[in-house]
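Protein chains in written order, with our numbering: chain A, 129 to 458; chain B, 129 to 458.
These aren't lab readings, by the way, just hints derived from the structure by calculation.
Because the structure is a prediction, the values reported are computed rather than measured.
Any given hint could turn out to be false.
Chain copies aren't distinguished; within one or between two, either way the pair holds.
[To be verified] Once the Cα atoms are required to be at most 27 Å apart in a straight line, the calculated DSS-like pairs of lysine-lysine come out as:
#1 K379 x K426
#2 K340 x K436
#3 K379 x K135
Number of protein chains: 2
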Amino acid sequence: MKLATYKDGSRDGQLVVVSRDLSTTHYATGIASRLQQVLDDWNFMSPQLQDLSEALNQGKARHAFAFEPARCMAPLPRAYQWVDASAYLNHVELVRKARGAEVPASLQTSPLMYQGGSDDFLGPCDDILAASEAFGIDFEAEIAVITADVSMRASAEQALDGIRLVMLANDVSLRNLMPDELAKGFGFVQSKPATAFSPVAVTLDELGDAWKGGRLHLTLQSSWNGRKVGMCEAGPEMNFHFGELISHFCKTRNLRAGSIIGSGTVSNKNASHGYSCIAEKRALETMKDGAPKTAYMKFGDTIRIEAKGRDGVSLFGAIEQEVVPLLIEP
Amino acid sequence: MKLATYKDGSRDGQLVVVSRDLSTTHYATGIASRLQQVLDDWNFMSPQLQDLSEALNQGKARHAFAFEPARCMAPLPRAYQWVDASAYLNHVELVRKARGAEVPASLQTSPLMYQGGSDDFLGPCDDILAASEAFGIDFEAEIAVITADVSMRASAEQALDGIRLVMLANDVSLRNLMPDELAKGFGFVQSKPATAFSPVAVTLDELGDAWKGGRLHLTLQSSWNGRKVGMCEAGPEMNFHFGELISHFCKTRNLRAGSIIGSGTVSNKNASHGYSCIAEKRALETMKDGAPKTAYMKFGDTIRIEAKGRDGVSLFGAIEQEVVPLLIEP
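Bound-form chain A, shown alone (with noise of 0.2 Å):
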């Protein structure tokens, strides 16, 4: 099934069943008001959720109406853990290398992972709020994974049954704040900013094939200003799965319902599949001519993040945002 979480003026918004399509939707009200509800108390509601998902996919629902990703908050607007890894070596690669810093040899052994901001998630359509374009303005596209309870000392195995549903995600970083950040030895907190998701959070039946081993056997596509700068595989390079990341993190602490695994940057080392964020290309500029060339994203620039299944229908719909100036009141 798909879920998705529409705005209503609260908090939390009012959680929606999806249609397979993305056609249609339909309130979970008398079910559930919220996602985190759902995940908290999974076996005893998701086959009711299931059962109207089916209903909706027949046309049989009731009160179906069509489905408008304007309308979403992040599928979990709010999530009481949000840790995102750098599972793409071929990203920490690149971008180490053309700073000039180090890439650890434990990191092909060990993920690298930090917690991000869970409070205040955007939508897949919120705009992207920067006090100025200075910081850097970069985009992220990644897979995102949501948990069930995942106990501490979990095995990577243990820890892939833990995994409830799947979605996009835009880490939305300030690429020139991470120097001063990172130099002070404790990693990100001001260069990563509200991270958005895509409309739907989907369960792992509706992949098919495409969810194997852990990771996601699909192409990311992100299109910037509407140009198309990457068509990522997901699956392959991904060189430590999510039961993988899931367990890395358990190994001191307990994981709880509701928590969000991010993989990190979708990269691939064939630079023809383009990038899923900026700091790629530059790293890659950087490499060739000793500079970068491309800038980062100005205000008003766009950036589409989504993937589509073989036949060709989006799984998660479109993550769609704008870069925006915050205007502050004198």
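The hints should help you fit chain B onto chain A, whose structure is shown.
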């Protein structure tokens, strides 16, 4: 007023109001069942809780009963944001010098902050579960605040107005896992397991003139295995006050109601105050003798963290935890 959350088998527990002297408590049923609800709608709900608090303090609340800290979850058992700082530079300098790491000059003017896991907090008397003593289990006694909504670009002064509640934290750290994680460049993940919080969170008016300039001017007491090891002054040496910490965090994003901000380990230059984490004691030993002689916590060790008002009454109740081995089923 003083608020706590009683265990009831659910993920979020039951909100209770606690008397000023921590002797009695009363369910907040009829007003709100969970603390996050109150933070989401503070202006409507907090006056009702305040009325109940006054009745309780006057011995007039009808269904009051004895307050038992051991029945408490963290005031917010799970939160949408947990950002910890390292606002006492003496702590940063000690720990970094001991491991031969640089202390960047930028730390004098720009606070060191990092995001932690907020999906699975520990109650004040919950065990610290660890799979191995070899992780280097340490306590960190801290002050923490819970915020209202704070807008992107809020000034330090504006951010101070967004502080709703104050509590204590034990930011458990696994010291021996840190070097490998920090070498990767993105901060902590495995080395910061679940954080514990004091039994009650209190509004600023309960603190009187101990709350001044965004700092808590009280002595934070830490007792390790029953021996008082820390009597650290939390006020004067906090290099960045809570408004400055929140404002720093909000430079590029909103902070939403129910976010928790930590001070970092409370630390004094004058070593006669003792220590709020073992790492500082070991750092002093290393600088003096070339090697630490105090070992980290062992299974069975206990830690008690508390702050008393000038009248000698415990303000937040005590964090009292034991380190317990995690048993893994075969």
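Q. For the identical chains here, do K340 and K436 meet the 27 Å Cα criterion within one copy, between copies, both, or neither?
A. Within. Shortest intra-copy distance 16 Å satisfies the 27 Å Cα cut-off; inter-copy 56 Å does not.
### Query
Taking 27 Å as the upper bound on the Cα-Cα distance, should K379 and K135 be classified as within, between, both, or neither?
So K379 and K135 pass the 27 Å test across copies only (26 Å; inside, 36 Å).
### Query
27 Å Cα cut-off: does K379 pair with K426 within a copy, between copies, both or neither?
Answer is between: at 19 Å across copies they meet the 27 Å cutoff, but 41 Å inside does not.
Of the numbered hints given earlier, the model fails none.
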